[in-house]
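Chemist: Residue strings, one per chain:
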Amino acid sequence: MKFKHSKTNRAVRLKDVPELKISELTAEIVKACADGKRVIGFFNGPNEPDKDRVFCLLADDDASEILLASCVFSGEKKYRSMTPGLPLMHLFERELYEQAAIVPEGHPWLKPVRSGGKYDFLKGSGEETHEVAVGPVHAGVIEPGHFRFICAGEKIQHLEIMLGYQHRGVEKLLENKSGRHMPALAESIAGDTAVGHAMAYSEALEALSGAEVPRRAHVIRAIALELERAAMHAAGLSALANDVAYLMGNAVCGANRTTLINTSLLITGSRFGRGLVRPGGVTADIDAQKAGQVVKNTSDACGKIREMAEEMFSSASVMSRFQQTGVVTCQDAKAAGLTGFAARASGVSIDTRADHPSGAYVYYPVTKLTLDSGDVFARAYLRHMEMQQSAGLIKEMCESLPAGKIIDECLVLMPEAIVVSMAEGWRGGIVHAAITDKKGIISRFKVKDPSFNNWIGLALSVRGNGISDFPLCNKSFDLSYCGNDL
Amino acid sequence: MLDILKIRIKHGSQYVPDIRKAVVSPMFRGFPVIAKDAALPFDPELVCPSGAIGKAPVTVDLGKCVFCGDCVRLCKNNEIAFSNRHKLAADSMEKLVIKAGDSADNFEKEAVSCRKEIRKIFKRSLKFRQVSAGGCYGCELELNACGNVNFDMGRFGIEFTASPRHADGIVITGPVTKNMAYALEETYKAAAEPKIIIAAGSCAISGGVFAGSDEINRSFFTSHKVDLYIPGCPMHPLTFINGVMGLLGIGK
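Chains as they are written, first to last, in the numbering used here: chain W, 1 to 486; chain Z, 487 to 738.
Next up, chain Z with everything else stripped away, as it sits in the complex:
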């Protein structure tokens, strides 16, 4: 009993006090900064594993980027450099395409608009059903981490439920394999209206490194509108939680 108390005291307080103000290690590859008038000294098609880089003008599509850093290593004059800014979520795919001159500050202001109807219904309690449709377990592990003692998104009323019947929305990870396409659609249908859809991770947003595979079926995304896109490979828990908080208009 005393041993347990000793451990508990040593364990201390683990939660991040202010999720909106949290800062990640400088090593973290977050918001990309593209140099003005950048001209790439390499062919991005031979370097970028997911086709995220536009050549002229230079752009980085956060919906495809897997944040591997292979491009940065070949840059000569910081044509592309990753900052450690982790608030990368956006409510449209167009907003995810970063160009020269875009700053993390502006992006964070504009990328996620709080929709009145979502805020009104879900601000204090938003339950998700997670569907892994070909996810490699990187995103799934980070989504699990969102509920751990460090990030504790439960304090904002955000939780994952076991049944889609109890959910207000689904969080999709993975490129959507052919073998999961039916289960994904049925799980989504099983949730009652109103419901929202979140595409978490580059595979969910664009197919990621699997975009060119014959084994994926992304028809779900042509028939349903996504409310929030969360870039990353995998996305950092802070990226996910801040994205959802932005959608709900919490803690602005």
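Just chain W, with the same shape it has in the complex:
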């Protein structure tokens, strides 16, 4: 067996993860991807003095399985890069090189990911060619990153995105040498995805400890996650409307987003759902009265946004900006390994809630929504559709909360094990992987935020578009700088 077959939120003993030779492993990865599997992890394990064990995680969405394998480098730390034939590996290989100094020979683009080291930008040449540099500090109230455009006149030929400014050392901090759990840190990986990351983190620890999380807690978590999704999609529509000077859309979506995040505040005491999801369950309950209020607020806010969105998407001036702008074809989306709504807007049907259901999603199935034009319109309209879907899910869950406890703390982690935990954040698939040592202490924590996959999507989408459409394309992807930088 070349891979160990497992599922999300299931601990696997490290000794059961097959160890292959690197050339074997890369061949298997290429074969698996040709066969429809997705790479969700390729990273070095815990620090060991004399060798590096690199783990590979694949997602088999059709079978709802996770495949695990590994290889060991003890001597020469290099291998033949997979990126030229499998572009979706580009950032995984660069990250592995940066974190463990294992060289992907022949990588066409071996540049820094988070180190802030020297970055050689590609250069264009020609009569009307010029470069536009933006960042790290950007015009609005937003995180920092550097964009380098190569333009011919108004048209963008190529965009290079250099990130790493937000690198805070999350993965190192999540190694819990003291044995202490750190859900508050997980909530700060990307502050707009506090619930998503807290869920992936908590579920990883729960799987490692064999904890039975009460079903009521699972449903409350899902309600909070769907509220987060609805609120951030509202923010996205509001920002997109602003960018095309459709100020009604900006105001109405913004005001109703406030209702949605104040509903998170009603449940958890935080407008961003912080403090709710903790290993073992949740810290706040939703009684019948609160459930009624949550349903009322959500259907009220999402109803008003639906009316506004339908009006906005009927406006010729808005549609002429959105349609055919920033197109990413289905083929490119698959080749680049995009995830989340950006992938679904290009026709790639993947969604963790449906493909790898865990927690409440086992009992509340989610229909995958896709569009196929892959343009700004598709990404915007899909978010509108997902927000309405979330409102429906929230109503269903609030009206059928199972009885029982909300938390069952007591987590002693299985030693010498690895677990993969996946959650569908509002941007896309979040993957947390934790490895424990022989004392049950987390000795390696790997975080993959959906933005890790999707920044390349933005770079692809702007090619051939006017540079003045860049803000629109950027907002249509709505990516996290800190989620990428960790």
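Be aware that one or more of the hints could be misleading.
[Unchecked claim] Dumping the calculated DSBU-like pairs for lysine-lysine here, alpha-carbon to alpha-carbon at most 35 Å:
#1 W:172 to Z:711
#2 W:304 to Z:613
#3 Z:541 to W:172
#4 Z:522 to W:290
#5 W:296 to Z:496
#6 Z:681 to W:118
#7 W:304 to Z:492
#8 W:172 to Z:581
#9 W:123 to W:51
#10 W:439 to Z:541
#11 W:290 to Z:492
#12 W:296 to Z:492
#13 Z:507 to W:395
#14 W:172 to Z:562
#15 W:405 to Z:522
#16 W:439 to Z:492
#17 W:304 to Z:496
#18 W:395 to Z:492
#19 W:172 to Z:602
#20 W:290 to Z:496
#21 Z:585 to W:172
#22 W:118 to Z:675
#23 W:290 to Z:562
#24 W:111 to Z:675
#25 Z:585 to W:177
#26 Z:496 to W:368
#27 W:304 to Z:507
#28 W:51 to W:4
#29 Z:613 to Z:602
Derived from the structure by calculation, the hints contain no laboratory data.
Assemble chain Z onto chain W, guided by the hints.
Modeler: Below, chain Z alone, put in the same frame as chain W:
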């Protein structure tokens, strides 16, 4: 056209009429109330994610607190409890350390003094350049919300500008990562005097949950004096706006 009018009418009036008098939901974790002679039934070092709790006597440092509530859940006799009072800004780090017997009423009176020179120049127009130096986007989202139709800080002349050249001060979020330290310093230098510095959110004030990381560089704060500290994780828009209004002496 009529459909747009219908939506506009349904949208109604969204702004909070009096920012100084606004009240937040009782669920909101705001000013902490520490019981007299409190003795914690748990070790705060194992519980508080940002080291905000002092053991004996019991204190809560609002500059470090991330308002997660993990401590409250372990209290047996309300040793620590969060009220929903959201006016948490202060003009010094010492004022942010709350002890038993401190009340929100007194805190709100003393925490932010209006400095004459700031009030004289900036009372009617205060433009900020925001710099996210490792912020997780929680604080940034709330700062954006400060200008939305609900909170509308623009009515007080407070706005964010695109360029530091047009700014009267900077609002810093994030713990200040090594990779942003240079950009933060250069952005601050690009603003003309007189200028003020606001540290918004627990990461900016103390490093927050990232305080122990090797990847941050907080030397900016040893070389520059901060004029206003705004606690929160993230800070509520009302905390930010009321803090700035206090600094400007508006609407007292």
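Chemist: Work down the list of hints and note, for each, if the structure agrees.
Modeler: Going down the list of hints, with the structure as the test:
For the given pair, residue 172 of chain W sits about 31 Å from residue 711 of chain Z by alpha-carbon distance, which is consistent with the 35 Å threshold. Between residue 304 of chain W and residue 613 of chain Z the CA atoms are separated by roughly 33 Å; this keeps the pair inside 35 Å, and the hint holds. A hinted pair counts as satisfied when its Cα atoms are at most 35 Å apart, and residue 541 of chain Z with residue 172 of chain W qualifies at roughly 27 Å. A threshold of 35 Å between alpha carbons decides the hint, and for residue 522 of chain Z with residue 290 of chain W the separation of about 33 Å falls inside it, so the pair holds.
Annotation: proposed proximity of residue 296 of chain W to residue 496 of chain Z holds, straight-line Cα distance about 16 Å (limit 35 Å). Distance check on the hinted pair: residue 681 of chain Z and residue 118 of chain W sit about 33 Å apart at the alpha-carbon level, within 35 Å; holds. The hinted pair formed by residue 304 of chain W and residue 492 of chain Z meets the criterion: a straight-line CA distance of about 11 Å does not exceed 35 Å. Between the alpha carbons of residue 172 of chain W and residue 581 of chain Z the distance comes to roughly 32 Å, so the proposed pair stays at or under 35 Å and holds.
For the given pair, residue 123 of chain W sits about 38 Å from residue 51 of chain W by alpha-carbon distance, which is inconsistent with the 35 Å threshold. Proximity of residue 439 of chain W to residue 541 of chain Z is assessed by CA-CA distance (about 29 Å); at most 35 Å being required, the pair is judged to hold. Proximity of residue 290 of chain W to residue 492 of chain Z is assessed by CA-CA distance (about 30 Å); at most 35 Å being required, the pair is judged to hold. Taking the CA atoms of residue 296 of chain W and residue 492 of chain Z, the gap is near 21 Å; set against the 35 Å cutoff, the hint holds.
The hinted pair formed by residue 507 of chain Z and residue 395 of chain W meets the criterion: a straight-line CA distance of about 33 Å does not exceed 35 Å. Distance restraint check for residue 172 of chain W and residue 562 of chain Z: the Cα-Cα separation of roughly 33 Å lies within the 35 Å cut-off, and the hinted pair is therefore satisfied. About 32 Å separates the Cα atoms of residue 405 of chain W and residue 522 of chain Z, which keeps this hinted pair within 35 Å; it holds. About 64 Å separates the Cα atoms of residue 439 of chain W and residue 492 of chain Z, which puts this hinted pair outside 35 Å; it is violated.
Our distance criterion of 35 Å between C-alpha atoms is met by residue 304 of chain W and residue 496 of chain Z, whose separation comes to about 8 Å. Our distance criterion of 35 Å between C-alpha atoms is met by residue 395 of chain W and residue 492 of chain Z, whose separation comes to about 26 Å. For the given pair, residue 172 of chain W sits about 46 Å from residue 602 of chain Z by alpha-carbon distance, which is inconsistent with the 35 Å threshold. Distance restraint check for residue 290 of chain W and residue 496 of chain Z: the Cα-Cα separation of roughly 25 Å lies within the 35 Å cut-off, and the hinted pair is therefore satisfied.
Taking the CA atoms of residue 585 of chain Z and residue 172 of chain W, the gap is about 33 Å. The hint holds against a cut of 35 Å. A C-alpha spacing of about 24 Å is found between residue 118 of chain W and residue 675 of chain Z, which places the hinted pair at or below 35 Å, so the restraint holds. Pair hint residue 290 of chain W plus residue 562 of chain Z holds up; C-alpha atoms about 25 Å apart against a cutoff of 35 Å. A hinted pair counts as satisfied when its Cα atoms are at most 35 Å apart, and residue 111 of chain W with residue 675 of chain Z qualifies at roughly 30 Å.
Note on residue 585 of chain Z and residue 177 of chain W: the hinted pairing holds, with a Cα-Cα distance of about 31 Å set against a maximum of 35 Å. At roughly 32 Å between alpha-carbon atoms, residue 496 of chain Z and residue 368 of chain W fall within 35 Å of each other, so this suggested pair holds. Between residue 304 of chain W and residue 507 of chain Z, the direct Cα distance comes to roughly 28 Å. Compliance with the 35 Å bound is thereby established for this hinted pair. Between residue 51 of chain W and residue 4 of chain W the CA atoms are separated by roughly 22 Å; this keeps the pair inside 35 Å, and the hint holds.
Pair hint residue 613 of chain Z plus residue 602 of chain Z holds up; C-alpha atoms about 18 Å apart against a cutoff of 35 Å.
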